[in-house]
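Sequences are here, hints too, so could you generate the full structure?
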Amino acid sequence: MGTGPWSPASGSTHRERHRPPYSALIPLLMFSALAGFIDTGESVEDAVRREVLEEVGVPVDGVQYTLSGYWGGYRQNYSPELMLGCVAHCDEVRMPTCSEEIAEARWFSRQEIREALLRSRGPPQTGVLNVPPPFAVAHRLLDKWTRKGV
18 MGTGPWSPAS
28 GSTHRERHRP
38 PYSALIPLLM
48 FSALAGFIDT
58 GESVEDAVRR
68 EVLEEVGVPV
78 DGVQYTLSGY
88 WGGYRQNYSP
98 ELMLGCVAHC
108 DEVRMPTCSE
118 EIAEARWFSR
128 QEIREALLRS
138 RGPPQTGVLN
148 VPPPFAVAHR
158 LLDKWTRKGV
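Going by the working numbering, the sequence shown opens with residue 18, and the numbers climb by one from there.
Quick caveat, the hints were computed from the structure, so don't treat them as lab data. Hints should not be assumed to be uniformly reliable.
Straight-line Cα separation of at most 16 Å, EDC-like style, residue types lysine to aspartate or glutamate; simulated pairs [said to hold, decoys possible]: (1) K165 x E109; (2) K161 x E129; (3) K161 x E132.
And the structure:
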């Protein structure tokens, strides 16, 4: 294990754990928020619309910036990245399709996400929905969404 960035919010240092892929250990149901990159000359809103459509085939609009956070610079072979958390609206709830980058995509209710957020302070569990840990931008974005703050 190595050292990682210190979080002023939690007062702890986050450490990267090296372990085999989850599927080699136990089957986990782990989901996160979609992520992508902004192309040169592209607005944040356009990037969100493009990435969601490319990754899961769902057209969205009403994109709103919600929060930001640091990610990746403490991991080997990753450069530091500024993550921007956004929410968007879709008029038609349809089954998402998966691109080559996405293994599985689903819709979850606020209650399902609330329960997963409560469990996320401990180790991932089998047979239940797991979400990223509390220091992740996706976790904070999901937390705001469940509180209807976005």
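Against the structure, the hints come out as follows:
Of the supplied pair hints, the one linking K165 and E109 is violated, its CA atoms being roughly 20 Å apart against a limit of 16 Å. Among the hinted pairs, K161 with E129 is consistent with the structure: their alpha-carbon atoms are about 14 Å apart, no more than 16 Å. As the CA atoms of K161 and E132 are separated by approximately 14 Å, the hinted pair is consistent with the 16 Å bound.
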